[in-house]
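Once you have looked at the hints, place chain B on chain A.
There are 2 protein chains.
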Amino acid sequence: MQSSDIKVQLIEESKISQVDFNNLPFGSVFSDHMLECDYKDGKWQTPVIKPYSPITLDPSAKIFHYGQSIFEGMKAYKDAEGSTLLFRPLENCKRLNKSAERMVIPQIPEDIFMTGLKKLLEIDNNWIPTKEGSSLYIRPFMFASGNGFHASPANAFKLLICTAPSGAYFAGKVKVLIEEKYARAANGGVGFAKAGGNYAAQFYPTQLAIEKGYNQVIWTDDNTHEYIEEAGAMNIFIRINDTLITSPTSDRILDGITRKSIIQIAKDSGIDVEVRKITVSEVIAAAQSGSLKEMFGAGTAAVISPIAGFGYQEKDYDLPELENPLALQLKKQITDIQTNKAEDPYGWRVKL
Amino acid sequence: MQSSDIKVQLIEESKISQVDFNNLPFGSVFSDHMLECDYKDGKWQTPVIKPYSPITLDPSAKIFHYGQSIFEGMKAYKDAEGSTLLFRPLENCKRLNKSAERMVIPQIPEDIFMTGLKKLLEIDNNWIPTKEGSSLYIRPFMFASGNGFHASPANAFKLLICTAPSGAYFAGKVKVLIEEKYARAANGGVGFAKAGGNYAAQFYPTQLAIEKGYNQVIWTDDNTHEYIEEAGAMNIFIRINDTLITSPTSDRILDGITRKSIIQIAKDSGIDVEVRKITVSEVIAAAQSGSLKEMFGAGTAAVISPIAGFGYQEKDYDLPELENPLALQLKKQITDIQTNKAEDPYGWRVKL
Chain A
125 MQSSDIKVQL
135 IEESKISQVD
145 FNNLPFGSVF
155 SDHMLECDYK
165 DGKWQTPVIK
175 PYSPITLDPS
185 AKIFHYGQSI
195 FEGMKAYKDA
205 EGSTLLFRPL
215 ENCKRLNKSA
225 ERMVIPQIPE
235 DIFMTGLKKL
245 LEIDNNWIPT
255 KEGSSLYIRP
265 FMFASGNGFH
275 ASPANAFKLL
285 ICTAPSGAYF
295 AGKVKVLIEE
305 KYARAANGGV
315 GFAKAGGNYA
325 AQFYPTQLAI
335 EKGYNQVIWT
345 DDNTHEYIEE
355 AGAMNIFIRI
365 NDTLITSPTS
375 DRILDGITRK
385 SIIQIAKDSG
395 IDVEVRKITV
405 SEVIAAAQSG
415 SLKEMFGAGT
425 AAVISPIAGF
435 GYQEKDYDLP
445 ELENPLALQL
455 KKQITDIQTN
465 KAEDPYGWRV
475 KL
Chain B
125 MQSSDIKVQL
135 IEESKISQVD
145 FNNLPFGSVF
155 SDHMLECDYK
165 DGKWQTPVIK
175 PYSPITLDPS
185 AKIFHYGQSI
195 FEGMKAYKDA
205 EGSTLLFRPL
215 ENCKRLNKSA
225 ERMVIPQIPE
235 DIFMTGLKKL
245 LEIDNNWIPT
255 KEGSSLYIRP
265 FMFASGNGFH
275 ASPANAFKLL
285 ICTAPSGAYF
295 AGKVKVLIEE
305 KYARAANGGV
315 GFAKAGGNYA
325 AQFYPTQLAI
335 EKGYNQVIWT
345 DDNTHEYIEE
355 AGAMNIFIRI
365 NDTLITSPTS
375 DRILDGITRK
385 SIIQIAKDSG
395 IDVEVRKITV
405 SEVIAAAQSG
415 SLKEMFGAGT
425 AAVISPIAGF
435 GYQEKDYDLP
445 ELENPLALQL
455 KKQITDIQTN
465 KAEDPYGWRV
475 KL
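Residue numbers (the numbering used here), protein chains in the order written: chain A, 125 to 476; chain B, 125 to 476.
Isolated chain A (complex conformation) (with noise of 0.2 Å):
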């Protein structure tokens, strides 16, 4: 598919002017267009880009019913030059598929996922904020729209990507309450995937969470609750003394790019990565030592987000201030390759 072949309807007045680009709130404010593809008779139509604008469906349509759909988060920046930078794009492309094939939706071609999502960049390049800190998040998306109330998969799908101009995901510092009673996935379930289900899985625990005081929830296996897994809206990032220690990925734990990201940096730096089980104790004992010095998320929107501390049977935990810890160090590392301040030897960055 070449660029040419997919069809602009453009927006006759841009919002662009409504925007204040110095107070930017996470997802919320959306760019001028959006890329609409639709999957049907067996196959991916042309997609469109068109302005940002509601979807109307058949209250059948299974999305409203069976929660099969999936996404994906990005972002884009500007380097000085006023280039336009993707980082790992086709990671996303292919994770996207991988939660496909899970949720029995049909794969998307890796070229009208890049040739749209390059050309929806190009039409809404203003959109992209310069401002350090702030970025335009991506979100393509896929979702059931073929109807009906018999339960199995639809014959009719969407593929959206909208995007936002967006600032800093969480504000402020970051508690988190490791759980010990609910849980995000099953063995043999559908934790890696991107599906739309796990999100709202989350939100009844994670709102106890934050009425106790904590902003996040650190998931554990639903099996002992031992094993820390990650924490939904990013993977977990442990270090004891000078060891970066980071669950492995399985059927219950997304693969996170951000997270392969710093694990590959991380490395190259010298540091010492172990990527391992990691129980509950073996983190409350080094807090008890003193050895646990930092903890960490990282994920796309929240790219590296510093842990102060945590909480576990009713206990708080605090971590301690580090004059030069290695979350801010691997956090401007990364964010430089992304946003073109340093050299890119992992071939990561793509300039559109």
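Same chains, same names: a pair is fine if it fits in one copy or spans any two.
Straight-line C-alpha distance at most 30 Å; calculated DSS-like pairs for lysine-lysine:
no.	residue 1	residue 2
1	Lys336	Lys167
2	Lys305	Lys401
3	Lys242	Lys456
4	Lys384	Lys305
5	Lys336	Lys218
These are calculated hints, taken from the structure and not from any lab test.
Same frame as chain A, now just chain B:
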């Protein structure tokens, strides 16, 4: 709330003449009207009954991204005198609210639900099939209509009640596969809720089972795969000799209304009923010794669905063909109560 408080907008021309009531599919022909009720500004607004028509939503509506949705399944019947009958409708409303709590969706007041449902059935009364084995399938559902790409609960929701004159859910004999790898629900998860995401999560393993010649999957616990849980669209009953066994409900298993009605009817018919955990090995041993007499599923859509055979570890097991199986006895008892062909000592039947 009174019936007269509901706003009504009638269809200009009914579609009913286009429907072949002798050949009804399940859940894909829709009645003339639907009920719609919006939750915004912290409260449920006045419900509206209007022609069955498309729903329009912002692309950032959280239903598309985070699977914040729940539903119910109910049926309306006509008796010989032409009265409209519901079966334990308040139980559906209560379960909808249980699901709502877990998915951080606001509670729907019982009077909005019941008054709205009754008025909808008055208006579309001609859509209730009278043919044996057919009924008006009722689908109440609630979903997040509020906007934003932040993974947190929405602030606006919709309740809809749509109806579909329907025939049988399963056609022919049902063969099931006892699952050993995939899982439907986690401990501490949302398996007990009728949450949308629970259903899409089952599509892939179910598709694999269908490719092997089965109709449904019988889910086992995600940790050991040793305990029988439920079938996704049905709870499961197993008859060993003259004892009927079904798994206790839990945070992983749906508290089925047909399930608990069958338990009650069976007990009152003098059948030995055990609500207890049942292992796959016990079922296999019973199949091998000949003491496994019946297996059947129970749910609103499927009513009682006798299972003809099951697969486990690449081996198929046939259930015996009995002359007067409990499944059919109990199915007759429950449908006779539902359709006013028998006394209802329980007060389950609700005449409109």
